[in-house]
Amino acid sequence: AQKITQTQPGMFVQEKEAVTLDCTYDTSDPSYGLFWYKQPSSGEMIFLIYQGSYDQQNATEGRYSLNFQKARKSANLVISASQLGDSAMYFCAMREVNNAGNMLTFGGGTRLMVKP
Amino acid sequence: DVKVTQSSRYLVKRTGEKVFLECVQDMDHENMFWYRQDPGLGLRLIYFSYDVKMKEKGDIPEGYSVSREKKERFSLILESASTNQTSMYLCASSFAQGLHIQYFGAGTRLSVL
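Residue numbers (the working numbering), protein chains in the order written: chain C, 1 to 116; chain A, 1001 to 1113.
No lab work stands behind these hints: they were computed from the structure. A quick note: this is a predicted structure, and the numbers were derived from the prediction, not measured. Incorrect hints may appear among the rest.
[As the list claims (entries may be wrong)] Here are the computed lysine to aspartate or glutamate pairs in the DMTMM-like style, where the Cα-Cα straight-line distance is at most 20 angstroms:
1) C:Lys115 x C:Glu15
2) A:Lys1057 x C:Asp55
3) A:Lys1071 x A:Glu1017
4) A:Lys1070 x A:Asp1026
5) A:Lys1071 x A:Glu1022
6) C:Lys16 x C:Asp86
7) A:Lys1003 x C:Glu44
8) A:Lys1053 x A:Glu1017
9) C:Lys3 x A:Asp1059
10) C:Lys3 x A:Asp1038
11) A:Lys1055 x A:Glu1072
All chains should be built: construct the whole structure from the sequences, respecting the hints.
Structure below.
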């Protein structure tokens, strides 16, 4: 079974609008971390935001926020006030504390396209 | 700022060649990782290393080997390149403590002809 599922292969959003990118995960580990990365066309993966499984509040970083619903095992990324530069691939990833080597498991990604 | 540098952005090699992909990080990170990225499959871990001279297999190690002789450098080796190894290769590094945020290089797009 897939550990990280991103069900939206591609999405469009109008500039200045908010957009939500979906991510669901599967783990039996009570302690885990969830990450979102952005990959522009240049190829580099850029870390955006982190949510720990025991964090009481949803993580926020500037225009990025993470809508963490633990019971539903979802960790959706919300981008407010979209900009043209937000057009990129977005990847959700999970680190399970009990896995050796601190590996990340990645979802298949969502391509976001911001329309002017 | 964390810097992870991959030696080449683009490489073209022939089937059967031995290929070296180099990665250097300047943040004194203990952990280093090699991934390959293919459309629709996300990133898949090939190998990782948590210390000098230490290595562990990831999800898809077949056809690859790695070398970590110094803490800052992690090399991926394709002993005999094949066309199904045409892909984007990404190197990453992280601390062994804290949030384990992985920082990535710009990637190497390898084509094997």
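Now the hints, each set against the structure:
A distance of roughly 6 angstroms separates the Cα atoms of Lys115 (chain C) and Glu15 (chain C); the hinted pair therefore holds under the 20 angstroms criterion. Of the supplied pair hints, the one linking Lys1057 (chain A) and Asp55 (chain C) is violated, its CA atoms being roughly 31 angstroms apart against a limit of 20 angstroms. The hinted pair formed by Lys1071 (chain A) and Glu1017 (chain A) fails the criterion: a straight-line CA distance of about 27 angstroms is larger than 20 angstroms. For the suggested pair Lys1070 (chain A) and Asp1026 (chain A), the alpha carbons sit about 12 angstroms apart, so the restraint of at most 20 angstroms is met.
Taken as a hint, the Lys1071 (chain A) and Glu1022 (chain A) pair is honoured in the structure, with Cα atoms around 13 angstroms apart against an allowance of 20 angstroms. As the CA atoms of Lys16 (chain C) and Asp86 (chain C) are separated by approximately 11 angstroms, the hinted pair is consistent with the 20 angstroms bound. The straight-line distance between the Cα atoms of Lys1003 (chain A) and Glu44 (chain C) is roughly 11 angstroms, inside the 20 angstroms bound, and the hint therefore holds. Note on Lys1053 (chain A) and Glu1017 (chain A): the hinted pairing is violated, with a Cα-Cα distance of about 25 angstroms set against a maximum of 20 angstroms.
A hinted pair counts as satisfied when its Cα atoms are at most 20 angstroms apart, and Lys3 (chain C) with Asp1059 (chain A) qualifies at roughly 13 angstroms. Distance restraint check for Lys3 (chain C) and Asp1038 (chain A): the Cα-Cα separation of roughly 18 angstroms lies within the 20 angstroms cut-off, and the hinted pair is therefore satisfied. At roughly 14 angstroms between alpha-carbon atoms, Lys1055 (chain A) and Glu1072 (chain A) fall within 20 angstroms of each other, so this suggested pair holds.
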